[in-house]
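Residue numbers (the numbering used here), protein chains in the order written: chain A, 1 to 476; chain B, 1001 to 1487.
Rather than coming from a laboratory, the hints here were simulated on the basis of the structure. Please read these numbers as outputs of a predicted model, since none were measured by experiment. Heads up, none of these hints are tricks.
Computed cross-link-like contacts, DSBU-like style, restricted to lysine-lysine with a CA-CA straight-line distance of at most 35 Å:
hint, chain 1, residue 1, chain 2, residue 2
1, A, Lys404, B, Lys1118
2, B, Lys1473, A, Lys452
3, B, Lys1473, A, Lys39
4, A, Lys225, B, Lys1118
5, A, Lys120, B, Lys1473
6, A, Lys404, B, Lys1395
Ranges of calculated distance between the beta carbons of each label pair, as one might list FRET restraints:
hint, chain 1, residue 1, chain 2, residue 2, range
7, B, Gly1114, A, Asp418, 36 to 42 Å
8, B, Asn1132, A, Ala50, 16 to 22 Å
9, A, Leu462, B, Ser1480, 30 to 36 Å
10, A, Leu462, B, Arg1067, 22 to 28 Å
11, A, Asp83, B, Arg1418, 32 to 38 Å
12, B, Thr1472, A, Glu450, 21 to 27 Å
13, A, Cys79, B, Ala1267, 46 to 52 Å
Note that beta-carbon positions come from the ideal geometry of N, C-alpha and C, so glycine has one too.
For reference, the chains in residue letters:
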Amino acid sequence: MQSIDVINPANEEIIGQVARGTAEDADRAVHDAREAFRKWRWVPAVEKGAMLHAIASGLRAKQQELAVIMTREGGKPFCENRDEVEWAASCFDYYAEIGRNSRGSSLPPSFEHQVNFTIKEPYGVVAAIIPWNYPLLLLSWKVAPALAAGNTVIIKPSEETPLATLTLAGVFANLPRGVVNIVTGYGEEVGECLVKHPETDLVALTGSVETGKRVGQLCAEQVKKVHLELGGNDPFIVCSDADLEIAARAACWAAYLNSGQVCTGAKRLYVFESIADEFTRRVVEFTRSLKLGNGMEPDTDIGPVINLRQLEDLHSRVEEAAREGAHILTGGRRAPQFKKGFFYEPTVMVDVRQNTRLVSSETFGPILPIMRVRDIDHAIELANDSKYGLGANIYTNNMEWAMKAMDRITAGTFWINDPLTDNDAGPFGGMRQTGHSRELGEEGLDEFRETKHVHLDYKQELKPYWFPYSKYNGLT
Amino acid sequence: MSVQKHYINNEWVSSKKTREIVNPFNGETLAVVAEATRNDADSAIAAAREAFDRGPWRESTAQQRGRILFAMAGLVRKHAAMLAELETLNCGKPIVESEFDVNDTASCFEYYGGLATKIHGETLPVPDNAINMTLREPIGVAGLIVPWNYPLLLAAWKLGPALAAGCTAVLKPAEQTPLTTLAFARLVQENIPDLPPGVVNVITGDGPAAGRAIVESMNVDKVAFTGGTETGREVLKGVANSNLKKVSLELGGKSPNIFFSDADLDAATDGALFGVFINQGEVCSAGSRILIQQDLFRKLTSRMKDMMAKIRLGDPMNRDTKMGPLVSKEHLERVEGYIAIGRKEAKLIAGGRRPSSKELKNGYFVEPTMFECDNKARIAREEIFGPVVACIPFKNEDDALQIANDTPYGLAAAVWSRDIFRCLRMVKSLRAGIVWVNTMQPCYVEAPWGGYKQSGHGRELSLHGVEEFLETKQVHINLSERPIGWY
Chain A
1 MQSIDVINPA NEEIIGQVAR GTAEDADRAV HDAREAFRKW RWVPAVEKGA MLHAIASGLR
61 AKQQELAVIM TREGGKPFCE NRDEVEWAAS CFDYYAEIGR NSRGSSLPPS FEHQVNFTIK
121 EPYGVVAAII PWNYPLLLLS WKVAPALAAG NTVIIKPSEE TPLATLTLAG VFANLPRGVV
181 NIVTGYGEEV GECLVKHPET DLVALTGSVE TGKRVGQLCA EQVKKVHLEL GGNDPFIVCS
241 DADLEIAARA ACWAAYLNSG QVCTGAKRLY VFESIADEFT RRVVEFTRSL KLGNGMEPDT
301 DIGPVINLRQ LEDLHSRVEE AAREGAHILT GGRRAPQFKK GFFYEPTVMV DVRQNTRLVS
361 SETFGPILPI MRVRDIDHAI ELANDSKYGL GANIYTNNME WAMKAMDRIT AGTFWINDPL
421 TDNDAGPFGG MRQTGHSREL GEEGLDEFRE TKHVHLDYKQ ELKPYWFPYS KYNGLT
Chain B
1001 MSVQKHYINN EWVSSKKTRE IVNPFNGETL AVVAEATRND ADSAIAAARE AFDRGPWRES
1061 TAQQRGRILF AMAGLVRKHA AMLAELETLN CGKPIVESEF DVNDTASCFE YYGGLATKIH
1121 GETLPVPDNA INMTLREPIG VAGLIVPWNY PLLLAAWKLG PALAAGCTAV LKPAEQTPLT
1181 TLAFARLVQE NIPDLPPGVV NVITGDGPAA GRAIVESMNV DKVAFTGGTE TGREVLKGVA
1241 NSNLKKVSLE LGGKSPNIFF SDADLDAATD GALFGVFINQ GEVCSAGSRI LIQQDLFRKL
1301 TSRMKDMMAK IRLGDPMNRD TKMGPLVSKE HLERVEGYIA IGRKEAKLIA GGRRPSSKEL
1361 KNGYFVEPTM FECDNKARIA REEIFGPVVA CIPFKNEDDA LQIANDTPYG LAAAVWSRDI
1421 FRCLRMVKSL RAGIVWVNTM QPCYVEAPWG GYKQSGHGRE LSLHGVEEFL ETKQVHINLS
1481 ERPIGWY
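Just chain B, with the same shape it has in the complex (with noise of 0.2 Å):
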């Protein structure tokens, strides 16, 4: 097997040291790919340096970045076939889902190349013979983080606005899930000659390696991750202890998906669903506290219980699974740890074992599993990432509002109830960066992603997006030509 190489200044470096990518629904080895060095990662960022400070890039203007990212757009439309089997092959979602993603890849850098000519600063009445303004101009080097759970997309939602600013970019995927990202590197470097060498590198490589060296980099001026909130914690540590790069982090939830009794059955029991056993459970935004009023909890509960037998295990390859394995055997013992805290502290209501079939075996799977208990449980208090639930039972609203807020996350929430006043008020009083109204998990380029309290700093997607990766510069010019006559 050929060794994936990194991508860095539009040419293929090798490295000392390698890593093995395995199919978590088999176990076999996918690929072998360059594992970065802190000298690889170097190497990346003073490509990227020389050509944000020297390089053509710089003097792009926003309709050549524009075209750039449509051209984007279009290699992962042309491809979506390809890049969707690799991804499913990599980390094991269902290939609709990974049809899905790629499908909102390829809108992202759309998005982000329409929005290139739209970014404005102002014009500033200041009481003085003079013009102010602001010119909105990139940071400059932007080191890119991402994570495993939805690689090539989350790569889209870094590198569109990075591009769309004037940034240069050093990416840099998980180490378990690189190979969309080097096949996108790949058709970047076959089919868009306008981009200047060094706009986009990818590095492969672990976090405390490659990670650490873009997040401690005197020479790069922006990281944007992406991943868990520990992880996070230790980046600001490594940013505030270099050049004090600005810094977007998208971390953890713990999000709580809340059914007022009044809310439609069906849809609550579809939604609830949804919204925690989607991609495996590794979301970010996963409903992973269901939050039932006491007169509907037996009712929903008992439905879920039903719903999820149905939910079909299987090779994510085939378009008729439902669930995937977990991305690798680590996160696997990770959630299986969590499952046996919750038999301890918690009432097992459904699944919490690995599936028996013999065609199951080899890969990394886990039966969706739903937990009864109360907020104080760990299972309801620590991020999973993996298809385990925990139901709250709530007394009211005043209870239900409480229990919701009760984390140190504020990633995203979901109400649902037909009354309208009980949902604008839960929607004002919720702690979190998304709160969605009688639906879980819409997610669109248009609005902005991103959390309260310890789910992160700053936004994702939208216009707030690319203002992550802007500086704002002011500009007074004064017209006034006489000596100030201060001396």
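Chain A with its partners taken away, still in its complex shape (with noise of 0.2 Å):
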């Protein structure tokens, strides 16, 4: 059997190896998700609950070991990890009970004698395949309510982050065998493997535009349900009555949050002119005291970036923009006290062209151009000159700049001055190329379920629009 080694980016060590899936092995997770469907789908939904609350248990006792592994492979800093755990172990608790509260909706019927109502169902076996960032977030946010709903599911981890995921299958030992598979390799082999699959029902995918495409488009031959949540390029504006000091770090925060690599990272901040200077300033000085470090050290504020590739995609769009003119204010380079690791110093630049290619597609590292802009209108008008439509933020107190940005720029979450935050009850998900569907919330569940509508007439009898039509006067 072949195998993938995962490194650790802080080091470059091997920190382990996994299985290098095949598309063997991809059949044998269906057709034990698809044999596990037959019966999951009718366990009562208090007692899916139950087991998804001892999975949220499952996940909360093995917090630290966890947040360890994710620190490891995935290299954020290990508080970031340690609150990851938490926030996947919520989503479960979140959903374990939703599936109790509704099924369906009974509706108004066209005629007195008959009963209308509509039932939720299961899909049938869902591929969730989850990218690199958040590996254990993002896979709640699609295992929990695809459990709930009575799907049963296989996991694609990243090849780059799997280990933490391998590590949960002593979580989800509580639940009968087969509801929840773990196939570990590449996504051009055993990933495709899935989506193409004739007996998965629904893929749900977190990952780039470019996987996202090519996932949607073999979907789409066999008409297959997919979500799609893609990248995203979020702006942040920073309005002239805004708290500067507060503004500042929350912008450096939400640019350099694991080193920049979140699909809601705010990628583009848009200030006022009129206090463009005096934020740059504060922005500057504080990215300069951030501690970049092994994400194991208990100071450390930015772990390294995922992999080579990604440094240096992030290094070149930084040198195209500062060839086109931009000035880097600290950073825009690879961090050289380092010998080993992929760290790269957060980086403030202004001057920055909006058609640059580190402002028009989403950059993935710790980057934060900073772009002046003359008023309100002139902010929203940059924000929504993107082909995404995920995430966006703004600071301030003024009421009708807040609620301006709220309806017209186009983003499926909008934070008024406090950036990147979620909640489990609250829909999370793009507009435009950043995807199709929504995570989290009752919408979240819905995405798992299929609806049918019973139509049931408790009077048998011939019905008057029935052949013959000689006899048939039309709807009265």
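Make the complex out of the two chains shown on their own, each in a separate frame, by following the hints.
Below, the structure is given as structure tokens:
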């Protein structure tokens, strides 16, 4: 059996090996999930709920262990990973009982002697394809509602970060056999097999726009249901009335969190001209105070990026922007003090052109480009100049500006004065090329349920609108 | 003058007693209507009962009920000019306001016409081999008791959702202002033949006889009442002492309209006056306590005073009139009683008298009146329901909140400030069913309306409004044919 090395991006050491999944592996997982679905779908919601709560407890019990593994395989600071485990547990708790509340609605019938209602049903076997930046959180957003709705699941973690996910096997052990399956490997190999497999009913992917398009095309051939949560290029507007110290700190956190490898990271700063100099000064000063390092060290603010390819892509974008006239105020290079590891200095840039690749497409790294805007209308115009529509942020106390931006900016989440926070009850997802669907909340459950309309007539009668039409006078 | 009769079972039914209906602008008799006795009320209730229990209405579909409500809306729109004029003649509100009310009446029927087919129950996942669902069914016979300040509009607020839900109705307009409701009944009788007899009944009469008969009836399943808080208390007692019918109450208010010193002064002046003087202040949600931050107090009250002098009192049929007479002589005396109290316990800033002009001398007019006081004054605690406002200064946000919530009522509140955080903090802490930010009084049929505390029970308008006329039936269908084997 072939294997894949898992590398610690902070020191480039091999920390584990996982199976390089094949078509046969995918086929076997699908078969097991399909078998398990026959019974799982009929397990009462309340019993499913108890099992999902047990998963949440299992996650919490392994919080330290999981956070260490996640820090080593993904690079982000330990405290972020520890929080991520709790967020994932909270998501399982949230969905544990939501399935109990409703399985559809009853409707007003067209005739008095009829009863109409809908029942929600699971799709069947769900393939959940998870990215490396939040391996457990984004897993929970798919797996928890999918299971609550009665589906069985095959998880395909990223080849970069499979270790924490495999550790979850123990946490999922209380579920009936085959309800949750994990296969590791490359997207082109095992991922595509799951997508194309005639026995998977739904594919839920979080990943890049390119991968999303490929998966979407493959699903379209089978008219298979697909959820795509793809890239983001979120704007972050700072108005003239904002508290500049708070806004500067917020912007740094939103841009550098997880080394900027967050789909909802702040990627484009639009700052009112009147305060741009002062805001920039504070951002630069604060950025310089941040500690880059191994995520296992307690004072590390920013860890490495995931791999060399990301680091090189990032740097080429920064250089390209600089060639086109942008000025780098701090950062802008691979951190020279590290002999090993993929560390990139948090970077503040000004005079950045809106159409440079760093700004016009998603840049996954600790980069904070500041663009000046004249007023709120200008900020909104530039914020909307994107093919993405995941999130958007604004810092202001001005209700008119905040509400105007809220209404006019195309984005699935709009944060006012508090960037990048999630709420299990609040739907998350994007507009435009960011994606198709919503995760979390009740919408997030409905994405994993089909609707069946039941029409029942308790009066068996010959209907006047049946044949022969010679006796039919039309609707009265 | 011929007597306008009760509308029962799609027929006009006379009463032993009658009442003269007065135009509050000149004190002249506008019409004579039947005055319901207990027997009249009982026969209307019996008609509604029969229609609900055995009539074709119980087999009507949501689509059919929706079409009837759309037809009602169409009639109101077609006869809008007549209805608006009649409303103004009867209750004294300026004609322009009546026109708005009539348009809103039609919108309300349209909204519930559309909503009829969107009333859903649920299917529920129970841990057994079974289908479990809820069906939404009409409560039954609904008694709808409507006040005199928005006679036709508030009738629609109740009749629209009651009919959408599939209830039958006994509608009782206020004894002072029955004319538009009777005109509406005539239009329905003549133009909507699909509406079965007994579904909509109208009786005219007062609270002690007709209202009490509805409230205490053993054959009415639900009473929806809008009126004063003391009467609401009587309604609850009547309900408790009879058949425990379901009840919704829209009662009084003493709603705070709160101005922080960063509020836009022009908009604030406008909003403060509109909030309390629209419809002569005869509005349940009137902003009758104006809370003003200290450093804005003089500036805002003096602006308001200047602008109040320009509020034109006059013949409500005149399109330039901004304030008409109060609804009745009794009500005028009650409002003047509060002004007298205010003169003793508070500082009068503006108004306080009957207008002196000859044109207005036969009408029940009183000037828009403004007092400065603290929140302990009676004029700040009791609902006056007229053009009398208590202006109360406050120091800071905590102070404003404390004053605003220090009332037995909780219908509405408004906050004016350009600080979004402050507005939202206030929104979350105000104990009121409706909170406006930087505006006061807009009301939409799509959004719920009703009060906290002693301002009422339940909500009107929106989906919440129709809930008040629906029962929920849980249906559990066991799919296992085996005996449970308990014995």
